[in-house]
Amino acid sequence: MNGWTLAGTSFLASAVEAVEALTIVLAVGVARSWPIALRATAYALLALAAIVAVFGPLLHLIPIDALKLVVGIVLTLFGLAWLRKAILRYAGRKALRDEDAAYEREVATLRAAEESQADKIGFVTAFKAVLIEGLEVAIIVVTFGAGSTLALGWSAAGAACAVVLVSLVGLALKSPASRVPENAMKFVVGVMLTSFGTFWTGEGLGVAWWGADLSLLFLAVFYLAVSGVLVAIARAPRTVRA
Amino acid sequence: MNLRAIWEFIAGDSRRAPVAVAIAIVTAIVLVRMAPASTIAGVAFACIVALGLAAAVFERT
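Protein chains in written order, with our numbering: chain A, 1 to 242; chain B, 1 to 61.
Simulated from the structure, these hints should not be mistaken for lab results. Don't take every hint at face value.
Below are the EDC-like pairs computed for lysine to aspartate or glutamate, each with C-alpha atoms no more than 20 Å apart in a straight line [stated by the list, open to error]:
| no. | chain 1 | residue 1 | chain 2 | residue 2 |
| --- | --- | --- | --- | --- |
| 1 | A | Lys94 | A | Asp213 |
| 2 | A | Lys68 | A | Asp119 |
| 3 | A | Lys128 | A | Glu104 |
| 4 | A | Lys68 | A | Glu182 |
| 5 | A | Lys68 | A | Glu203 |
| 6 | A | Lys120 | B | Glu59 |
| 7 | A | Lys120 | A | Glu104 |
| 8 | A | Lys94 | B | Glu59 |
| 9 | A | Lys128 | B | Glu8 |
| 10 | A | Lys120 | B | Glu8 |
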């Protein structure tokens, strides 16, 4: 499988999650204190590293076809959930995620907290945000990299680039990255995850895809077209029966 | 973290999408065993997943 495709998908998915985590960390840093925000981030990253270190190698103990099947099903479900949200947002049926609003909400909550509790709340808030968003990244990186060490390297490199880039931009601006086209990225990642998931589930079940890896491209185009049609249908005003 | 939370973390809040994936898997298994070209099973799988996506988009959650 093409390493650049793996790295690109991993990069986009990780960038989306990194923006969401960064928004919360920035809010804690501004509203409470930077040492608390950075300490919570560091602890969450350590916890994540431990989870990946424990569960990552276990994947290689599973027979490859069974692994492809499990990974494929998880990716398909994950991809459908992302794609559904992105379609509903494009169709105007769900509010677009607003990082500025999320940031202001977190800052207001932290400022309203009692002084004695605020540091603890700030720490837990930043820790949870980094851990949960990071877990999504870890699932994507580990599942994409489950096939081989090389694939894991491409996948991890894509994620690392995204996290570093988003962190640097966020820290330089000291404000939420609200201009990142998050929904468009989620849409693309949803299509990619669903395509990879379909491909691997098929391989796990014994499907010999026409064109081998090339069929991933056909699957991506197919899901993109279906999603585009669904956005158009969901956006259309409904007729009310008399 | 309980099982429900893990499930929602992976599959989101749609009930129809996971059902479609389950139907797609069963269909693909049957077709792989029966069909002369297993690509048909792959195409059927993708089409059922796409239908599941459509059902999920119009689902009330």
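Against the structure, the hints come out as follows:
1. Lys94/A with Asp213/A: 34 Å, violated
2. Lys68/A with Asp119/A: 44 Å, violated
3. Lys128/A with Glu104/A: 18 Å, holds
4. Lys68/A with Glu182/A: 29 Å, violated
5. Lys68/A with Glu203/A: Holds - the C-alpha atoms of glutamate 203/A and lysine 68/A are around 7 Å apart, at most 20 Å.
6. Lys120/A with Glu59/B: The given pair, whose Cα atoms are some 39 Å apart, is violated under the 20 Å limit.
7. Lys120/A with Glu104/A: 19 Å, holds
8. Lys94/A with Glu59/B: Distance of about 13 Å is within 20 Å: holds.
9. Lys128/A with Glu8/B: Judged against 20 Å, a Cα distance of about 16 Å means the pair holds.
10. Lys120/A with Glu8/B: 27 Å, violated
Hint violations for this structure: numbers 1, 2, 4, 6 and 10, all remaining hints satisfied.
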